[in-house]
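Enquirer: Protein chains in written order, with the numbering used here: chain A, 6 to 496; chain B, 6 to 496.
There may be inaccurate statements among the hints.
The list cannot tell twin chains apart, which means a pair is met if one copy fits it or any two copies do.
[Unchecked claim] Below, computed lysine-lysine pairings styled on DSBU-like, alpha-carbon distance capped at 35 Å:
#, residue 1, residue 2
1, 109, 267
2, 118, 494
3, 473, 82
4, 462, 314
5, 458, 494
6, 92, 255
7, 439, 335
Note that these hints are calculated values from the structure, not bench results.
2 protein chains.
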Amino acid sequence: MSKNLTKRSEDYSKWYNELVVKADLAENSAVRGCMVIKPYGYAIWEKMQAELDRMFKETGHQNAYFPLFIPKSFFSKEASHVDGFAKECAVVTHYRLRTAADGKTIEVDPDAKLEEELIVRPTSETIIWNTYKGWIQSYRDLPLLINQWANVVRWEMRTRLFLRTAEFLWQEGHTAHATETEAVAEAEQMMNVYADFAQNFMAIPVIKGIKTANERFAGAIETYCIEALMQDGKALQAGTSHFLGQNFAKAFDVKFANKEGKQDYVWATSWGVSTRLMGALVMTHSDDNGLVLPPNLAPIQVVIVPIYKGDEQFEAISAEAKQLMARLRKLGITVKYDDRDTHKPGFKFAEYELKGVPVRVAIGPNDLANGTFEVARRDTLTKETVISADIVSHISDLLEEMQAALFNKALNFRDSHITEVNTFDEFKDVLENKTGFISAHWDGTTATEEKIKELTKATIRCIALDRKEEAGTCVYTGAPSVGRVLFAKAY
Amino acid sequence: MSKNLTKRSEDYSKWYNELVVKADLAENSAVRGCMVIKPYGYAIWEKMQAELDRMFKETGHQNAYFPLFIPKSFFSKEASHVDGFAKECAVVTHYRLRTAADGKTIEVDPDAKLEEELIVRPTSETIIWNTYKGWIQSYRDLPLLINQWANVVRWEMRTRLFLRTAEFLWQEGHTAHATETEAVAEAEQMMNVYADFAQNFMAIPVIKGIKTANERFAGAIETYCIEALMQDGKALQAGTSHFLGQNFAKAFDVKFANKEGKQDYVWATSWGVSTRLMGALVMTHSDDNGLVLPPNLAPIQVVIVPIYKGDEQFEAISAEAKQLMARLRKLGITVKYDDRDTHKPGFKFAEYELKGVPVRVAIGPNDLANGTFEVARRDTLTKETVISADIVSHISDLLEEMQAALFNKALNFRDSHITEVNTFDEFKDVLENKTGFISAHWDGTTATEEKIKELTKATIRCIALDRKEEAGTCVYTGAPSVGRVLFAKAY
Numbered sequence: 006m007s008k009n010l011t012k013r014s015e016d017y018s019k020w021y022n023e024l025v026v027k028a029d030l031a032e033n034s035a036v037r038g039c040m041v042i043k044p045y046g047y048a049i050w051e052k053m054q055a056e057l058d059r060m061f062k063e064t065g066h067q068n069a070y071f072p073l074f075i076p077k078s079f080f081s082k083e084a085s086h087v088d089g090f091a092k093e094c095a096v097v098t099h100y101r102l103r104t105a106a107d108g109k110t111i112e113v114d115p116d117a118k119l120e121e122e123l124i125v126r127p128t129s130e131t132i133i134w135n136t137y138k139g140w141i142q143s144y145r146d147l148p149l150l151i152n153q154w155a156n157v158v159r160w161e162m163r164t165r166l167f168l169r170t171a172e173f174l175w176q177e178g179h180t181a182h183a184t185e186t187e188a189v190a191e192a193e194q195m196m197n198v199y200a201d202f203a204q205n206f207m208a209i210p211v212i213k214g215i216k217t218a219n220e221r222f223a224g225a226i227e228t229y230c231i232e233a234l235m236q237d238g239k240a241l242q243a244g245t246s247h248f249l250g251q252n253f254a255k256a257f258d259v260k261f262a263n264k265e266g267k268q269d270y271v272w273a274t275s276w277g278v279s280t281r282l283m284g285a286l287v288m289t290h291s292d293d294n295g296l297v298l299p300p301n302l303a304p305i306q307v308v309i310v311p312i313y314k315g316d317e318q319f320e321a322i323s324a325e326a327k328q329l330m331a332r333l334r335k336l337g338i339t340v341k342y343d344d345r346d347t348h349k350p351g352f353k354f355a356e357y358e359l360k361g362v363p364v365r366v367a368i369g370p371n372d373l374a375n376g377t378f379e380v381a382r383r384d385t386l387t388k389e390t391v392i393s394a395d396i397v398s399h400i401s402d403l404l405e406e407m408q409a410a411l412f413n414k415a416l417n418f419r420d421s422h423i424t425e426v427n428t429f430d431e432f433k434d435v436l437e438n439k440t441g442f443i444s445a446h447w448d449g450t451t452a453t454e455e456k457i458k459e460l461t462k463a464t465i466r467c468i469a470l471d472r473k474e475e476a477g478t479c480v481y482t483g484a485p486s487v488g489r490v491l492f493a494k495a496y
Numbered sequence: 006m007s008k009n010l011t012k013r014s015e016d017y018s019k020w021y022n023e024l025v026v027k028a029d030l031a032e033n034s035a036v037r038g039c040m041v042i043k044p045y046g047y048a049i050w051e052k053m054q055a056e057l058d059r060m061f062k063e064t065g066h067q068n069a070y071f072p073l074f075i076p077k078s079f080f081s082k083e084a085s086h087v088d089g090f091a092k093e094c095a096v097v098t099h100y101r102l103r104t105a106a107d108g109k110t111i112e113v114d115p116d117a118k119l120e121e122e123l124i125v126r127p128t129s130e131t132i133i134w135n136t137y138k139g140w141i142q143s144y145r146d147l148p149l150l151i152n153q154w155a156n157v158v159r160w161e162m163r164t165r166l167f168l169r170t171a172e173f174l175w176q177e178g179h180t181a182h183a184t185e186t187e188a189v190a191e192a193e194q195m196m197n198v199y200a201d202f203a204q205n206f207m208a209i210p211v212i213k214g215i216k217t218a219n220e221r222f223a224g225a226i227e228t229y230c231i232e233a234l235m236q237d238g239k240a241l242q243a244g245t246s247h248f249l250g251q252n253f254a255k256a257f258d259v260k261f262a263n264k265e266g267k268q269d270y271v272w273a274t275s276w277g278v279s280t281r282l283m284g285a286l287v288m289t290h291s292d293d294n295g296l297v298l299p300p301n302l303a304p305i306q307v308v309i310v311p312i313y314k315g316d317e318q319f320e321a322i323s324a325e326a327k328q329l330m331a332r333l334r335k336l337g338i339t340v341k342y343d344d345r346d347t348h349k350p351g352f353k354f355a356e357y358e359l360k361g362v363p364v365r366v367a368i369g370p371n372d373l374a375n376g377t378f379e380v381a382r383r384d385t386l387t388k389e390t391v392i393s394a395d396i397v398s399h400i401s402d403l404l405e406e407m408q409a410a411l412f413n414k415a416l417n418f419r420d421s422h423i424t425e426v427n428t429f430d431e432f433k434d435v436l437e438n439k440t441g442f443i444s445a446h447w448d449g450t451t452a453t454e455e456k457i458k459e460l461t462k463a464t465i466r467c468i469a470l471d472r473k474e475e476a477g478t479c480v481y482t483g484a485p486s487v488g489r490v491l492f493a494k495a496y
């Protein structure tokens, strides 16, 4: 295996693209903008799914499944939703193919045109709220707390593996509530679930905030988000949770009888995270040698590699390795013993480094004689020799330590890349030279936000929920401001 | 809740359609032929998925994800596959919508026509084998054992919830092997995994067999199947596993270097089961009172219903109920305590009967005084009084007993509905009056198979793997036959 990975400092974007492919996470497919998620990448996604699914169920949600297709007319029903979502979509117009006149190729059967075109879902608010109309009559039917794991399609012109693909996998929660207060609390709760997941499971520090009107989800009253910072100083929106007010209930006429018997429209939320998180994972932790995976997300947490000459050594070393594997597995640790005789230890070391396996254990003849193991950790690339009596607890502790260390490292990087600026020159200077989040006063208008974007490509990532009240003047217009917002260039 | 469920004896088909909707499993959506899988139905599907996924991984398979869309031209590459799969499909022709001249509705943007139409996958052999070309170079890359959980679309004209829907959920395994022997063994192994799953997890007895040439998967050399029998005497194909030979490898030019360095085409299999299994589950076990679920698949295995007057009784009974719930949960049993005060016990009993909850426990004031519980089992609709000291082990044993009892009941029904016939009059008589599988000699020709289908609507469900060698004469033509095959009307 030849790594030949571009260095991050040379070309961060190229490094990312190469790493995703070389580490067997994903690759481009024959279909423009659609990716193939390879088994190693999918195994990481499955771990994310399992943990998120557990968290959703723990907070009272159930899974369901709604149609892939949405009738075109549904998108006209919620006015602001049309512009945001019904533009760059895959449109199904026909339902049959036929053999062409050449007898070999196939062509679309012109007689099989749909009366109404179907849109491949870019998000499912419309089809779900059309369904909820039949499910909700009374306050007893509320809250309705539903999540869907699904594929969605948005016809993106410029795509990048995981970060922006025409088809991607995600979960979308869609809830219905009797009161505004409950719906807002749900939207906030799910933002908190996402933040908890990102930080404690993915080891990615995030800032919780709300989006400006300009960056809000199409059809939302308020969009909550978690924003992460990548190693190149660009921000990445890692999850959003929307308070939708009564917009979709009104568009699809979903009313309920409250306890007093009065009819009212239902209050809604929706929230989602996607395979984009795979991109965030790679770009937060990995290095010039390859992937670095937090132990929680590693499909293989520990790999054991034997170093031997001849069958006799191999057998003695294998016995030790297998015993260690069994003891680690008892603790719920995922272990692979790589005893392939088709590849040399050096090749294997490079392969597992590239694939981000957190802990590598090597056993050679000296180790066998001394009752030791060589333990290498992926994040720091350091090695130590551990005696047999301590090995299991050592590895178990090490995995926990690495999970925490990766979070702290990312947190330090993030915190050192939030810069307060008070002039537009400083603003541009930080963006040019230091990158990261820029904390600046803003006059609260969309016009200013768009002007700054036009001049610098930086957007307002969020108004942090924990920002302090601080009177100031807008970094661009000088108009009054009640507090700082976070700008950054973003994925 | 009003059940008003049509009786099976009155109209089996109507009973099924009503039950699926009333038991909250699924419903039709606004999109023709596409269903909504409701939370209760989806929870059952999740249990199927989890068990199948475990079985696939135990047999060495990994999950991956391939694109939803397939370029139209791919379907022309494997000749027999075209006719079987590229006909009734959803075809994406455009990638953008725009606001219409009225400023309100939206329409397809005629300038956004795709150069090549994309087909929403009806099955993924073509896109996957196109991908495998890049993954397989040498025998070291084999076997490649991959599964995908996905949605697929086949534009069916007549649809029925779960049994035949335009969009459905499934898993599709796609494996690549160095030798024919290995590929055949894989196809057989997966048929056995499906049979094991159907029988031991779903409590549905199945017959393992191979399909005739006529009923084979488009592009397969051999199709293995498991066939189940529904309560109305119609057969249902519950899963298929295909040995694809080198057909797809040749169509997509997937070669490998064997150990001797010689190039050869790869050998393939594919295998799948779908949400159709939900239909099989309902039609195998349920009765005129509603769903009957095997404990393995029940989202709620035990429900506890309190019967009380006044707060004081309620509190004492709730304390007992919660203690029982905690003890059962420790054993991994899923328990719901339904203490809603908005519904009476009789209403709750009817609801859980309809939804097929295996065990219902009621606690009233007399039970409290006597230290007893009333335990009702869903399959036999029988009740007994159990003393407190025995309750946990009683319920735990009962769940196991019910799982076995449901299988045995279905097995007896199935076995009593396999009829050997030797004349075509007998054949028609059984089909008309007794229904079920008809075991008959057949001359091995597609012409006879099609003629019988035309005359009786019965098809050859399979050639059972365990059929005995028995010379005979075809029930229709009188031509020689080497063994009996199983005919039936089928879903």
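Enquirer: Checking an output row: residue 458 and residue 494, CA cutoff 35 Å. Within, between, both or neither?
Expert: Classified as within: same-chain Cα gap 9 Å, cross-chain 66 Å, threshold 35 Å.
Enquirer: Between residue 109 and residue 267, at a C-alpha cutoff of 35 Å, which is it: within one copy, between copies, both, or neither?
Expert: Cα proximity of residue 109 and residue 267: across copies only (32 Å, versus 64 Å in one copy).
Enquirer: If the cutoff is 35 Å on CA atoms, where do residue 92 and residue 255 land: within, between, both or neither? Let me know, please.
Expert: The answer is within: 22 Å in one copy meets 35 Å, while 40 Å across copies does not.
Enquirer: As a check of your reading, is residue 118 near residue 494 (CA-CA no more than 35 Å) within one copy, between copies, both or neither?
Expert: between (44 Å within a copy, 33 Å between copies)
Enquirer: How would you label the pair residue 473, residue 82 (within, between, both, or neither) given a Cα cut-off of 35 Å?
Expert: Neither way: residue 473 and residue 82 sit 39 Å apart in one copy and 63 Å across, limit 35 Å.
Enquirer: Have a look at residue 462 and residue 314 and pick one of within, between, both or neither, based on CA distance no larger than 35 Å.
Expert: neither (58 Å within a copy, 68 Å between copies)
Enquirer: Checking residue 439 and residue 335: alpha-carbon separation at most 35 Å within a copy, between copies, both or neither?
Expert: neither (47 Å within a copy, 55 Å between copies)
Going down the numbered hints, you'll see the structure goes against 3, 4 and 7, while the others check out.
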